[in-house]
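Colleague: Chains H and X are the protein sequences, given in the same order.
Position one of the first sequence corresponds to residue 1 (our numbering), numbered consecutively onward.
Position one of the second sequence corresponds to residue 1 (our numbering), numbered consecutively onward.
Incorrect hints may appear among the rest.
What the hints assert, rightly or not - Computed beta-carbon distance windows for the label pairs:
no. : chain 1 : residue 1 : chain 2 : residue 2 : range
1   : H       : G10       : X       : P5        : 27 to 37 Å
2   : H       : V19       : X       : R23       : 56 to 66 Å
3   : X       : E202      : H       : D23       : 43 to 53 Å
4   : X       : E286      : H       : G10       : 32 to 42 Å
5   : X       : S205      : H       : L20       : 19 to 29 Å
6   : H       : L20       : X       : T29       : 24 to 34 Å
7   : X       : R56       : H       : D11       : 43 to 53 Å
8   : H       : G10       : X       : G22       : 36 to 46 Å
9   : H       : D11       : X       : Q314      : 17 to 27 Å
10  : H       : D23       : X       : G22       : 51 to 61 Å
Treat the hints as calculated values from the structure; they're not laboratory data.
Remember, it's a predicted structure, so these values are computed and weren't measured experimentally.
In this text, a Cβ means the ideal position worked out from N, Cα and C, and glycines have one as well.
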Amino acid sequence: MTPRTAMLHGDTVFRIHWVLNTDRLLGVCHCGAEHEAEDPVELWDWLLAHPEGHEPRAESATPPPVRRLAGV
Amino acid sequence: MPTTPTFARNQWYVAAYSRELGRELFPRTILGEPIVFYRTENGDAVALADRCVHRRYPLSESRLEGDTIVCGYHGFTYDRAGSCVFVPGQSRIPRTARVASYPLVEQDSFVWVWIGDRDRADPGLIPRAPWLADPAYTTVSGMEPLRARYELLVDNLMDLSHETYLHGGYIGTPEVANTPITTEVDEENEVIYVSRHMADAECPSFYAKSTGIEGRITRWQDIEYHPPCLYLLHSRIAPVGVLPNDDGTDPDAFHVEVVYAITPETEHSTHDFWAVARDFALDDQEVSDFLAESNRTVVLQDVRALDVLEQVIQSEPDGYQELSVNIDTGGLAARRFLRRMVERAEPKAVARS
Ligand code: FES
Ligand SMILES: [Fe+2]
Ligand SMILES: [Zn+2]
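Generate the whole structure from the sequences, applying the supplied hints.
Modeller: This is the structure in structure tokens:
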């Protein structure tokens, strides 16, 4: 799998990766929990329900920051 | 007056480019409020409600006398703070004779205005677009009136995939379909970031010519949206494999920073400010002309489509059905932030669930 992009560095960042060559979306919560779905509405519902139903993973797959944003 | 508020009032909005304001009275409606802008003799920007307290004549149809506005109907005269300092035919000035004045900040070539509760107008909250006033960049810019609600423009800008269809040939490239997209939402800072990083793409001939890059490129197109008003599209082009440094500097890449300011005019119309800044070919007028012309073309294509969409939506009953798919991931996040900001701006007494 290609490395996961992470451009924002706040403490409460939700990420949704579009899984290449599929119709699936992978949601990653700031607590480390992950969930796959095909429907973005369903995936947002799952993310925003944090911590409900979120099983944190041992280590995060998020790479270090890439570029500091001028706007933040 | 609508019963459901649709504006996030306690936010900064771009009212104009700094260059638009001078010693002429300049009217513009922001969030449904008619405002008159001008500069004082020493150059300070001023924003006052554009309605005389006497018989509601537009102050923008009046004249400046020094730093005061003399109403063009019967001569009520207002100072830069909006206080009436002269009433014709009497020496007493009624205590209530004043028009609202709005907090303003000039930053990054824009004039930002605050419409909401005055005690919350913190200039530190204004998001930045530093390239627009940076001598290391050359900028072209404009503004198009949109006859559609601002939410439609937000939806439109959050989804880069419409470019293939609506802007066929203008900004789409074949690699786009095979590029992973990541959407990030910072809950606390209320920022949405959508990245599309193409590791190995063909270099469009415009960029090859204007930057001197030869061969294939790494191409990033990243959206950074600070709801409600400021939308940034960071476009980065570098030889294949060249990435920014860990400290954030990026000397071996070329950057185009596309900036939109999305400012509601009324419930059904929007000021669509756009600017394109670049850090290469700084003095090349042909490059400036090309970027201005192509971005304006793209903006007008969107304006035409959204004007039509607004008419359709207005003719339909509330709560119409939509279907969201993968490309809407960022747009859904934007809608949620906007909803939240609108609700926050409502008086506490009518707090909604
Ligand atoms: S309406 Fe302005 S002075 Fe009468
Ligand atoms: Fe567009
Ligand atoms: Zn979680």
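Colleague: Is it true that H:G10 and X:P5 lie within 27 to 37 Å of each other by Cβ?
Modeller: Holds, since H:G10 and X:P5 (Cβ atoms, about 28 Å apart) stay within the stated range.
Colleague: Kindly confirm whether 43 to 53 Å is satisfied by the beta carbon distance between X:R56 and H:D11.
Modeller: Holds: the Cβ-Cβ distance is about 50 Å, inside 43 to 53 Å.
Colleague: Okay, H:V19 versus X:R23 on CB: inside 56 to 66 Å?
Modeller: With Cβ atoms ~58 Å apart, the hint holds.
Colleague: A range of 19 to 29 Å was offered for this pair. Does it hold for the Cβ distance of X:S205 and H:L20?
Modeller: Holds: the Cβ-Cβ distance is about 27 Å, inside 19 to 29 Å.
Colleague: Against the range 51 to 61 Å, how does the distance between the Cβ atoms of H:D23 and X:G22 compare: consistent or not?
Modeller: 54 Å Cβ-Cβ, so the 51 to 61 Å window holds.
Colleague: X:E202 and H:D23, beta-carbon distance inside 43 to 53 Å?
Modeller: violated, 26 Å
Colleague: Holds or violated: 36 to 46 Å for the Cβ distance of H:G10 and X:G22?
Modeller: Taking Cβ atoms as reference, H:G10 and X:G22 lie about 40 Å apart, which means the hint holds.
Colleague: Is it true that the C-beta distance of H:D11 to X:Q314 lies inside 17 to 27 Å, as the hint says?
Modeller: violated, 41 Å
Colleague: Between H:L20 and X:T29, does the beta-carbon spacing fit 24 to 34 Å?
Modeller: Given a distance of about 45 Å, which is not inside 24 to 34 Å, the answer is violated.
Colleague: Mind checking the hinted window 32 to 42 Å against the Cβ distance between X:E286 and H:G10?
Modeller: Given about 41 Å between the Cβ atoms, the range holds.
Taken one by one, the earlier hints fail for this structure at numbers 3, 6 and 9, listed in ascending order.
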